[in-house]
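Modelling step: build the complete structure from the supplied sequences, incorporating the hints.
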Amino acid sequence: MSAAAVRKNAFGAVAEFGSAGELYHAAEKVRDAGYRFWDVHSPFPIHGMNKAMGLKKSPLGYIIFCGGSLGCLTAVLLEFIPSSFLNPLIVHGKPVNFFTVPPFVPIMFELTVLFSAFTAFFGVFVLNRLPRLHHPLFDHEPFLRFSTDGFFLVIESVDPKFSDTETREFLEGIGGKAVAVLYEND
Amino acid sequence: MADTEAKMVPFVERMPRPPLVEKNRSMASVTDLIAGGVERKTPLWWWIAISITGSFAAFGVFCIFYLLFTGVGVWGNNIPVGWAWDITNFVFWIGIGHAGTLISAILLLTRQRWRTAVNRSSEAMTLFAVICAAIFPGVHVGRFWMSWFLAPVPVPNWIWPNFRSALMWDVFAVSTYFTVSVLFWFLGLVPDLATMRDRARSRFAKFCYGVLALGWRGGNRHWRHYEMAYLILAGISTPLVLSVHSTVSFDFATSILPAWHTTIFPPYFVAGAIFGGFAMVLTLLIPARALYKLHDIITWNHIDVMCKIILVTGSIVGYAYIMEFFVAYYGGNPFERFAFLNRYFGPYWWASWTMFTCNVLMPQLFWVRAFRRNIWTVYFVSMCANAGMWFERFVIFVIALHRDFLPSAWRMYYPTWVDVFTFIGSHGIFITLFLLFIRFLPMVAISEVKSVLPEADPHHRPHPPSIGSGESMEEARA
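Chains as they are written, first to last, in my numbering: chain C, 1 to 186; chain Y, 1 to 478.
For the record, the hints were derived by calculation from the structure and aren't laboratory data.
Do not take every clue at face value.
Claimed, not checked - Below, in silico cross-link-like pairs of lysine-lysine (DSBU-like), each with a Cα-Cα straight-line distance of 35 angstroms or less: (1) 23/Y to 177/C; (2) 51/C to 41/Y; (3) 161/C to 56/C; (4) 206/Y to 57/C; (5) 206/Y to 177/C; (6) 56/C to 29/C.
The structure is reproduced here in structure tokens:
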């Protein structure tokens, strides 16, 4: 990087690793060094990486449970309000009241599944702050190999422990190759 | 000494499973193989294929418009056969979709890692099959523009759907099934769209794949939520896929018609759907595998496993056929007994015996390993199963309807040319959509295949892959 570039705001430091295993062990070291705003990028989810990074289980499951419950409730109201009050339809001579629940169950099931699926799908993107059209990492040409066979570790400059020089040395010390500090608007 | 050393090595390493991806391919070569097939110039075979299937699709659409402008009378449906090829085709196509969801959901939960090679294309097949299925009840309502009456919306004339009707359940089941399948499929596609984006050379391709990839950058903080969503989608799709065909079977099982009014229908329909679905997966993937040279990814082991599933589900279906026949005899209901005698020995005997031969007898070939590993026998049995499953629905619906209780109400059913060409047209639509899919999107889940490579395991002891690694890779990176 030229001297002029250093004066700009750094986005973070990126290092490349040779394999999923190397990235895994590097992540353990970054975790132990006490960094907080960092991530590893890989072409596929690496088994056990959450533990290596010190991350907890995704909370998405609880959110989806709420979404599914809302779906079930929607179906209950959608079925019982019209069938009991707005347009009580007598079929097979059976009454429409709370005790004739079984024939209403399939639609409750379907809407539970439908709402859960929507919550799961949109939940991923909301929790991940996606979609976004651009990200400073995409300016770093070698990073684009993350989706093929590249394994990258990125420490962001917002991390309190971040420093242009020390973080770079730290990443080189834990085996990172082609370590680079990225600058915004590069 | 050697004995103790052997004991130190874990069992899995002494007796390794056959590799899921053959020839020890590296991650880069897996990406090149799958994404490269999409990126290269459109091959001639693709143009030829799509012009044929597109023509059939266009004629099918013409038949649909002819029906909409003229009326349902252009079909051969009559009284008492009020449901004929339309419901047959509907159930046929819906059933085909089930293999895709089984592969993507149930096999994920049961950790069948071979699914990664075939899940993307079979999920796509699911979507296209459900689209084809939705056409038939959609146009059979006659006044197509009134089909919104199915939706529970407040309207001035205060008509609400009957939520206790099996047909209404079906509307919800099929529309939920389609929506969930789309979401599941697209979620799986996002990391691969990012791969396509990062490899794209033209600005236009980069823009299109970039928009669809939603800015995916493969961070583990993202994968964490992604994997949870994927797991839960699999979890909820599992009961969903079992429920959809059960609900479809309720359309018949909740009626009082002999041969429809049976409790065996839900499991029997689901087994048949998986059977027919896997047959269609093989029908599509065997040519696609050869055309895209994916032999290392969709290997003989994959085909072998799918053949075994066809054998199992085909045998379950055979059990159901025989058990239905037995219950008709043992139940002592004369109408039921007649319905089954009429099925196998009545005027449509040929349809029933075609069904029985194609669905029960032909898959038994797969007991022999050599037949599971021969492309021609595999393809032949798959085609038999495709035809057999269509005949199964014809047998269940048309034969049961054409002779019910009163002989004075009996009538034969004959299809018209509109019936025939709408059905052929639906195949045209199906294969056209599949051709578009394999042309523009990666037909194998690249990121998922990589995750089952040995070196994807962070605790794997590395040994260099033999293809696409070594000197040339180092040079490429330098």
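- Task: Take the C-alpha atoms of residue 23/Y and residue 177/C, compute the straight-line distance between them, and say whether it is at most 35 angstroms.
- Result: 28 angstroms, holds
- Query: Can the restraint linking residue 161/C and residue 56/C be considered satisfied, given a maximum Cα separation of 35 angstroms?
  - Reply: 22 angstroms, holds
- 35 angstroms Cα cutoff - pair residue 51/C, residue 41/Y: Answer violated: residue 51/C to residue 41/Y is near 44 angstroms, above 35 angstroms.
- Message: What's the verdict on residue 206/Y and residue 177/C, does the C-alpha distance respect the 35 angstroms limit or exceed it?
- Response: 28 angstroms, holds
- Message: With the threshold set at 35 angstroms, check whether the alpha-carbon distance from residue 56/C to residue 29/C stays at or below it.
- Response: 17 angstroms, holds
- Task: Below or equal to 35 angstroms on CA atoms is what counts here, so check residue 206/Y against residue 57/C.
- Result: The hint holds at about 34 angstroms.
Comparing the model with each earlier hint shows a violation of hint 2 alone; every other hint is respected.
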